[in-house]
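**Student:** Here are the chains, one letter per residue:
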Amino acid sequence: MSPKILISGFYCGPSPSAGLGIAKSLRDAWPEATIIGMDYWNGASGLHDASLTERLVFPSWDLLDHSLHAQTIRDFSDTHFILSALDIEVAWLSQNVLPNPHLLIPTKSSLHFAYKPFVRIAGFLPFKTPDIYIENGDDQALYDFCREHSWRIWVKGPYHGAQFVSCWRDLDNARLKLANAGSYAHVFYQAHVRGLEESICFSAIDGKLCGAVHMQKRVTTVDGKTWSGKIRPLSKRQLDIVSDAVLQIKWTGGGEFELIRDESETFWLMEFNPRFPAWIYGSTIAGINLPALLVAEASGISMVANKNPTTDEFTRIVTEIPVLSYISLPQATQPEHGQVTALGKYGASFGQLESDILESQNTQGNTRADVLAPAENGPTASLEEANWAKIATEQNSTPVRICLESKVASRFASAKVINSVLGGGCKLNVAYSIKTCPDKLYMTEAFNCGLMAEAISLAEVEHALTFGWERHQIILNGPAKWWPRTIDDNQGLAAVFCDSLDEFERLIRSDRQDKVWGLRLKIPGFGSRFGAELDSYDDLARATSLIQRVPAGIKLGFHVHMASNLIGKGHWQDAVESAIGWATTISAHAGRDIAMIDFGGGYHPRDFSHVPWSELMSFAKARIPSLESVTIEPGRALSQDTMLMVTSIQDIRRRGGEVSEVVVDTCISELPLARVYPHRMFVLNELKMEVIGAGRARILGRICMEDDILADGVSFPKSTKIGDRIIIADAGAYERSMSYEFGYGRVSQSF
Amino acid sequence: MNLDTVALVNHFEFIGARHSELVHHGECCQLARRWLVDMHRSLSFNRSEEHRLHAPTWLRQRFKWGPVQWPLSWCETVRKSQIDCGVFAALSREIFAQQGVDVYPAQVILNQPKTYVQHWNLKWANIFQTIPWIGQEYVYHEVCAVAEAGDSRIRIYDPTESVWLDSEFSRGINGVVGLNVNSPVPLNWGTLTVGQGKWALI
Chain F
38 MSPKILISGF
48 YCGPSPSAGL
58 GIAKSLRDAW
68 PEATIIGMDY
78 WNGASGLHDA
88 SLTERLVFPS
98 WDLLDHSLHA
108 QTIRDFSDTH
118 FILSALDIEV
128 AWLSQNVLPN
138 PHLLIPTKSS
148 LHFAYKPFVR
158 IAGFLPFKTP
168 DIYIENGDDQ
178 ALYDFCREHS
188 WRIWVKGPYH
198 GAQFVSCWRD
208 LDNARLKLAN
218 AGSYAHVFYQ
228 AHVRGLEESI
238 CFSAIDGKLC
248 GAVHMQKRVT
258 TVDGKTWSGK
268 IRPLSKRQLD
278 IVSDAVLQIK
288 WTGGGEFELI
298 RDESETFWLM
308 EFNPRFPAWI
318 YGSTIAGINL
328 PALLVAEASG
338 ISMVANKNPT
348 TDEFTRIVTE
358 IPVLSYISLP
368 QATQPEHGQV
378 TALGKYGASF
388 GQLESDILES
398 QNTQGNTRAD
408 VLAPAENGPT
418 ASLEEANWAK
428 IATEQNSTPV
438 RICLESKVAS
448 RFASAKVINS
458 VLGGGCKLNV
468 AYSIKTCPDK
478 LYMTEAFNCG
488 LMAEAISLAE
498 VEHALTFGWE
508 RHQIILNGPA
518 KWWPRTIDDN
528 QGLAAVFCDS
538 LDEFERLIRS
548 DRQDKVWGLR
558 LKIPGFGSRF
568 GAELDSYDDL
578 ARATSLIQRV
588 PAGIKLGFHV
598 HMASNLIGKG
608 HWQDAVESAI
618 GWATTISAHA
628 GRDIAMIDFG
638 GGYHPRDFSH
648 VPWSELMSFA
658 KARIPSLESV
668 TIEPGRALSQ
678 DTMLMVTSIQ
688 DIRRRGGEVS
698 EVVVDTCISE
708 LPLARVYPHR
718 MFVLNELKME
728 VIGAGRARIL
738 GRICMEDDIL
748 ADGVSFPKST
758 KIGDRIIIAD
768 AGAYERSMSY
778 EFGYGRVSQS
788 F
Chain H
173 MNLDTVALVN
183 HFEFIGARHS
193 ELVHHGECCQ
203 LARRWLVDMH
213 RSLSFNRSEE
223 HRLHAPTWLR
233 QRFKWGPVQW
243 PLSWCETVRK
253 SQIDCGVFAA
263 LSREIFAQQG
273 VDVYPAQVIL
283 NQPKTYVQHW
293 NLKWANIFQT
303 IPWIGQEYVY
313 HEVCAVAEAG
323 DSRIRIYDPT
333 ESVWLDSEFS
343 RGINGVVGLN
353 VNSPVPLNWG
363 TLTVGQGKWA
373 LI
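As you go down the protein sequences, you meet chains F and H in turn. Just so you know, we're using my numbering here: the first sequence kicks off at 38 and counts up by one. Just so you know, we're using my numbering here: the second sequence kicks off at 173 and counts up by one.
In isolation and in its complexed conformation, chain F is listed as follows:
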């Protein structure tokens, strides 16, 4: 006696479904079985495989009558066992076809444990889980999450789509792409885990484990999909763990835990797929036929054949097979302008189904409702932010940049506190980074707080001198620091850090006299354009010999500057500790003591006060006993959130009654970093201030340039009208110092 089985999901392209692997596994077990293959596209090439008895091709999901289809499946389930290899279909079946002994998929309540982003089955497993951040419209908190995880982030959709991003601009684009494909509210962010990809696959009925295997990916596609793997049976302990987890959630059907094994041999649970994986036939080849064990348990029909395995490894091949004429191939669609080739439409039809499924999960109070609540409420303005409404309405004309003077004072007061920190016996010096905001108020505050000044040109040195700093209180950095004078000008500085070994050699040959000379280090692996190269032994040897030539009366220093705002906290600490290592090596081999280490700037305002300065200084002092001082060069941290840009709406475009685009009277010349980091934004309507949260609208600048888009993926209240004011916060620092005049009918320099 042989079972009758209906299997869906026969796409066999680069990211294949498991239908064919399930069918081949069952055919191996029961050569006489009736195996029907089902898919929603006649381009699903697995349908043409000889392992199938019959094939059914249905319209794509967006053209399918769901009631009729549910009835079709119910009818089949009277006589056939039903297996689905499609995540979304599994969810749909669990909602639309009542559980019955022939439906070999998890129930709604079991699926509760598999939904992303928080894979709840992790509570029953001894695996770590990566940190997750759920999209809730609060970009400031999301930006914090990204910095916390050193900007190694995956942007993921609830069922499909995963893109690795390493900066805000890429993240913004990736989530827009996912949002356009489905529901913005279900986008989430996952911290990256480096390691080898492995899986545990199992089958079970009503919580009773039928079998399980462990698979290690040996070869993958460029997208990380399995191409070849090694199968191992689970140890007794592993089997007990999986068996217990499956029992706890009363699982029915196939399932896969996607794992990462990191270099310390720690396992991380990345995903829980509610179906067999596409490589399932690899397990059958290795002698563990999980689909057959499942069907045998459900049907009570023993396997007729169980091939002896000849190997525990499997691989895939690409080959051609004849097409069955009664299915035939889809016609090639005419390519769009700009497309390289015609594309199949597979996958495109899942969008609406995905939204429906997610919606239904929410409305039924299922797993997502609790975690997605913040997205519906959205962020609200703080007390401090609420006060900006009055400031914005008081402005006679826009655009106008407002300086929050009390904020400036509080930021510099915090720098003054840090300026007195001692750690490990050396002193922390705070030098204000002039380039971030050279305005009078900021320069004056910095000077009055007793900060040093950090300049990147002799022009900035002279700017600092006019505010009262003396030369021995000024640090000179940068790749072209002698501009617009010569290397002999403005001697007697606190420190001069060279950006290359060649520049350092010129400095040594010069007659300059400064307190400290040093090198900015280009830390290997960080991708910076700045600093002296270290990634070859000859560079290191040259740096060492140059350091030996520094005149005896001049102290030695080293500088590292990697903006933690851009590379994240962990990477920043890596750069700093690594720089201390390099500096120690150079100093030891040159026979010169290090007096000063400069950690640079680029701290986010919210991170600045939390950097463990004392710990870092103790770390440095422990390795460099001669160290006298550590210098930091904040600028962004002291000025970025001290300015607002107040702008007025010039035009509103609506689609379907919703605000889709808003044109404002400011532009990228006034906010040159508008898309580089998230800005807090608010719209004022009849004195009511609302946070501009996440959505599908854009804020367009006033100038006639295609890239003058200040925000994409935002939402506005329906009542928004022309003339309403928008407050764009975090408009200080480089947003101020790098801004330029554009569109005013004049230029800054005339011929």
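Mixed in with the good hints there might be a few duds.
[Claimed, not checked] Mimicking BS3-like on lysine-lysine, the simulated pairs with C-alpha atoms at most 30 Å apart in a straight line are:
hint	chain 1	residue 1	chain 2	residue 2
1	F	Lys464	F	Lys552
2	F	Lys453	F	Lys464
3	F	Lys267	F	Lys214
4	F	Lys273	F	Lys214
5	H	Lys236	F	Lys254
6	F	Lys262	H	Lys252
7	F	Lys287	F	Lys273
8	F	Lys254	H	Lys286
9	F	Lys344	F	Lys245
10	F	Lys552	F	Lys214
11	F	Lys267	H	Lys286
12	F	Lys254	F	Lys165
13	F	Lys267	H	Lys252
14	F	Lys464	F	Lys444
15	F	Lys214	F	Lys245
The hints are simulated quantities; they were obtained by calculation from the structure and are not laboratory data.
Assemble chain H onto chain F, guided by the hints.
**Tutor:** Here is chain H on its own, set in the frame of chain F:
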């Protein structure tokens, strides 16, 4: 392993050879060793990842595998663009040792098809008159044995390929058929007991 294989491995010239070691000149080599360790610190991103142990995966990106003329010093090695497995292993031992783990020189005999061996012979013949590390169907290879301090369970890292070797991987191309770990005490690699300079055949 069948008897023929045992005989082949036992007759392998390198079975009695000591692992490769780089010559230390003095200050120039000390700087080269510091460069190696500092490079690894920069490229291992310790603070961004929770792993305690960081294998020097960057070596494979930095150096091509190929013949080198021995003896070789640290300061010569770090200037090269091509190094052999003995150099890869020596550099890796230096890096692992800085991470507070126990690291031992290790030698393996690998399965290697004749189609590979013919090419290795020609590639090395440009430099050497005899090529003792290449057999008929096996090759000699150098790797590192790594253990948490005081632990007898080791992992074997092959820096030439950037892989932690699978203790169950003894078949097919690059399958490990023999292992010698130069440690003062017996150690365990999977179910195999190794160490104290005695070859274990798998």
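**Student:** Each hint needs a verdict: does it hold in this structure or not?
**Tutor:** Comparing the hints with the structure gives:
A threshold of 30 Å between alpha carbons decides the hint, and for Lys464/F with Lys552/F the separation of about 16 Å falls inside it, so the pair holds. Of the pairs offered as hints, the one joining Lys453/F and Lys464/F holds, with about 13 Å between alpha carbons and a cut-off of 30 Å not exceeded. Taking the CA atoms of Lys267/F and Lys214/F, the gap is near 35 Å; set against the 30 Å cutoff, the hint is violated. Of the supplied pair hints, the one linking Lys273/F and Lys214/F is violated, its CA atoms being roughly 44 Å apart against a limit of 30 Å.
For the given pair, Lys236/H sits about 25 Å from Lys254/F by alpha-carbon distance, which is consistent with the 30 Å threshold. Distance hint between Lys262/F and Lys252/H is unfulfilled; the C-alpha atoms sit about 36 Å from each other, more than 30 Å. Distance check on the hinted pair: Lys287/F and Lys273/F sit about 20 Å apart at the alpha-carbon level, within 30 Å; holds. For the suggested pair Lys254/F and Lys286/H, the alpha carbons sit about 27 Å apart, so the restraint of at most 30 Å is met.
A distance of roughly 24 Å separates the Cα atoms of Lys344/F and Lys245/F; the hinted pair therefore holds under the 30 Å criterion. Annotation: proposed proximity of Lys552/F to Lys214/F is violated, straight-line Cα distance about 53 Å (limit 30 Å). Distance restraint check for Lys267/F and Lys286/H: the Cα-Cα separation of roughly 25 Å lies within the 30 Å cut-off, and the hinted pair is therefore satisfied. Between Lys254/F and Lys165/F, the direct Cα distance comes to roughly 19 Å. Compliance with the 30 Å bound is thereby established for this hinted pair.
Distance restraint check for Lys267/F and Lys252/H: the Cα-Cα separation of roughly 36 Å exceeds the 30 Å cut-off, and the hinted pair is therefore not satisfied. Between Lys464/F and Lys444/F the alpha-carbon distance is near 26 Å, which keeps this suggested pair within the 30 Å criterion. Under the criterion of a C-alpha separation no larger than 30 Å, the hint pairing Lys214/F with Lys245/F is inconsistent with the structure, at around 40 Å.
Consistency note: the structure conflicts with the earlier hints numbered 3, 4, 6, 10, 13, 15.
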